[in-house]
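Going down the list, the sequences are from chains A and B.
First residue of the first sequence? That's 1 in the numbering used here, and the numbers climb one at a time after it.
First residue of the second sequence? That's 1 in the numbering used here, and the numbers climb one at a time after it.
One should not assume that every hint holds.
Now the in silico label distances, taken between C-beta atoms and shown as ranges [unchecked claim]:
no., chain 1, residue 1, chain 2, residue 2, range
1, B, Glu339, A, Glu245, 36 to 44 Å
2, B, Ser378, A, Glu20, 27 to 35 Å
3, A, Glu129, B, Arg344, 56 to 64 Å
4, B, Gly53, A, Glu129, 46 to 54 Å
5, B, Gly152, A, Thr64, 49 to 57 Å
6, B, Arg299, A, Gln254, 53 to 61 Å
7, A, Asp124, B, Glu327, 24 to 32 Å
8, B, Gly53, A, Asp124, 37 to 45 Å
9, A, Leu218, B, Asp312, 49 to 57 Å
10, B, Arg366, A, Gly119, 28 to 36 Å
11, B, Arg49, A, Glu129, 49 to 57 Å
12, B, Arg226, A, Asp142, 28 to 36 Å
13, B, Gly264, A, Trp251, 54 to 62 Å
14, B, Arg297, A, Leu218, 50 to 58 Å
To be clear, the hints were calculated from the coordinates, so they are not data collected in a lab.
Source: prediction; values computed, not measured.
The beta carbon of each residue, even a glycine, is placed where N, CA and C say it ideally should be.
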Amino acid sequence: MIRSDAPVLLKIRGLKASVEDQPILHGVDLTIRAGEIHAVMGRNGSGKSTLSKVLAGHPAYTVTDGAVLYRGEDLLGLEPEQRARIGLFLGFQYPVEIPGVSNLEFLRVATNARRAELGHDELDTFAFEDLVRERLAVVQMDPAFLERSVNEGFSGGEKKRNEILQMALLEPLVAILDETDSGLDIDALRIVAGGVNQLASPDNATLLITHYQRLLDLITPDHVHVMAAGRILRSGGPELALELERTGYEWVDQELAVAGVF
Amino acid sequence: MVASPLARSAQTSPTAAAWQSLVGAPLPSRRQEEWRFSDPAGFSQLEPRLWSGPEPWVDLVLPAGVKRLDAGAAQPQIAAVLEQTHCHEHWPVRLNAAAQVALLPLRVSAEASELVLDLDAADCGEVLAVQVLLLLEPGAQLDLTLRLRATGRSLSSVVIAASLQAGSRLNLAAVAAGHLDASVLAHLAVVQDPTSSLQLTTAAAGWGFSRLEPRIVQRGGGAATRLRALQWVHDDQLADTHSLVRFEGPDGSLDQVHKSVADGNGRSVFNGAVQVPRAAQRTDAAQLSRSLLLSDRARIDTKPELEIVADDVKCAHGATVSQLQSEELFYLRSRGIAEDQAARLLLAGYCDEVLAELPAAAAGWRPLLEQLHREASS
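Produce the entire structure from the sequences given, and follow the hints as far as they go.
Take a look at the structure:
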């Protein structure tokens with residue numbers, strides 16, 4: 001849903017970043033307004049996952065230039081936990097297994113951290129159980145997964161559902177979903193995509209990072225961006241994703257060659 | 001190997017001489033292979049004065065199916081278990097005999113309900129030495145929890161000798177919450193007959209010096225042994241576990257997980273011997289040592305010691321030493337959880353694999369939980 005007067009939630013300007021002194025992002029520009037769904041597509045190694053990790057504040061990545069404003073305020077100076085509390089969410093491509101830490105307790109501590117930021121009361125164990133059981137419906141998840149350790153022994157699909165469950169509990173304003181479709185069979189993909197669609201509203205925004213069109217068959221983006229060699233090469237509407245599906249990424253190489261990158 | 005000056009001086013000091021005279025053998029030294037990481041200076045500077053407090057467990061109420069044996073009848077049984085588990089000559093076992101103030105010999109003849117033994121050396125400045133004998137008759141079952149505490153200068157010495165007859169089951173838990181000036185020496189010696197089953201779960205934190213020696217012998221094989229252990233050190237603490245599991249017949253099983261956390265200047269030692277002689281065909285043994293290093297000054301020494309002669313066996317072992325996983329930390333932080341709270345959650349999760357196996361009386365014991373909480377928050 002595009003409204004040109006909708007408030008800007010995330011503004012990325014000339015973002016450059018490196019990992020272990022290896023530059024990965026070479027100047028990314030992107031503006032995301034409330035109510036919008038964006039898709040960033042690109043091949044492996046194009047920098048899309050790096051972009052998501054830099055936005056979430058992963059300590060292994062160093063920002064070397066540029067700026068990111070979240071609702072007009074500097075984002076890059078904040079710790080990862082502060083970014084999450086003010087409403088930025090990263091859905092992991094590979095959600096981390098944490099043996100011995102109960103999923104339910106983890107979800108409760110995380111939800112309360114966000115609620116405290118919003119000035120809401122902390123939820124005790126009982127109140128939280130009511131909330132989490134209601135939100136389980138968003139991803140049709142079996143309550144038994146609450147009793148297990150965080151992501152431990154979950155299948156690929158169960159891990160991704162757990163990510164969307166976290167999103168449903170934290171109610172972020174900007175959700176970045178990194179390859180949420182990877183490793184999912186078609187049924188799991190439908191459920192996860194359905195969850196993302198349910199959570200999208202005129203007040204929040206979603207940034208989908210994906211390799212394939214198939215996720216975009218289920219979640220229709222307002223804007224599609226093609227990333228290559230650490231920058232956004234081209235932006236357009238949903239038709240750009242369809243074109244990519246038809247023509248593949250070869251034209252990207254040609255454009256990069258013309259631009260003198262390779 | 002060259003002994004440290006500290007160990008040498010401990011050998012020759014008047015206090016060391018007093019220990020030698022009490023025990024009838026010189027203090028262990030780091031020149032001995034099995035003590036090379038455990039400097040006895042950790043406890044041997046205490047004057048070897050015997051416990052002057054009230055005798056522990058005098059008013060103990062025993063559950064149905066458990067009877068107290070006559071001390072005279074118990075002695076040969078204890079000697080037999082210690083000899084069969086090859087530890088009767090160990091220095092801590094000799095110290096225990098020399099300094100003993102309480103002997104609790106029990107015969108278990110049925111499925112008994114849980115028995116809890118509390119022992120508190122407080123800050124007595126003395127040696128508190130106790131011995132427990134457990135004779136489990138065929139088919140008998142017992143859950144025994146030992147809760148060991150010290151709040152200052154003291155040495156606790158514990159020897160538990162257990163004999164498990166066919167079809168019996170012992171669930172033995174030992175939890176120990178100590179103090180930087182307190183030491184504990186414990187031998188848990190168990191002889192298992194075929195078809196018996198042993199679960200031994202131990203958790204210790206806060207001790208200046210701790211040495212734990214589980215000694216398990218399956219004398220005809222064919223028994224089940226499950227060991228779970230957690231030890232946590234920080235400051236200048238040292239925790240040393242030397243375990244031995246020996247199979248003397250076929251078809252025995254072992255499932256062992258030893259976990260340690262080392263912070264500050266702490267030092268954690270694990271030496272896990274598993275002996276599978278020719279008679280022990282079809283033994284199924286797994287040993288895993290997992291250690292977490294929280295400071296660059298802390299030290300972990302871990303050593304599996306498998307002696308396998310039988311050829312038709314499954315013996316797996318593994319040892320890992322790691323730090324808190326940065327990806328796990330980032331995952332929690334990316335959900336709004338502050339770094340220190342995320343670290344506490346991860347540490348609690350790490351310990352949970354062992355703590356979850358403790359019976360209620362041990363798992364809910366506040367001194368250990370508070371100690372672990374303090375360690376995780378420091």
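Here is what the structure says about each hint:
no., hint, in the structure
1, B/Glu339 with A/Glu245: 36 to 44 Å, "42 Å, holds"
2, B/Ser378 with A/Glu20: 27 to 35 Å, "31 Å, holds"
3, A/Glu129 with B/Arg344: 56 to 64 Å, "22 Å, violated"
4, B/Gly53 with A/Glu129: 46 to 54 Å, "48 Å, holds"
5, B/Gly152 with A/Thr64: 49 to 57 Å, "55 Å, holds"
6, B/Arg299 with A/Gln254: 53 to 61 Å, "58 Å, holds"
7, A/Asp124 with B/Glu327: 24 to 32 Å, "30 Å, holds"
8, B/Gly53 with A/Asp124: 37 to 45 Å, "43 Å, holds"
9, A/Leu218 with B/Asp312: 49 to 57 Å, "55 Å, holds"
10, B/Arg366 with A/Gly119: 28 to 36 Å, "35 Å, holds"
11, B/Arg49 with A/Glu129: 49 to 57 Å, "55 Å, holds"
12, B/Arg226 with A/Asp142: 28 to 36 Å, "30 Å, holds"
13, B/Gly264 with A/Trp251: 54 to 62 Å, "59 Å, holds"
14, B/Arg297 with A/Leu218: 50 to 58 Å, "53 Å, holds"
The structure is inconsistent with hint 3 alone, although it conforms to all the rest.
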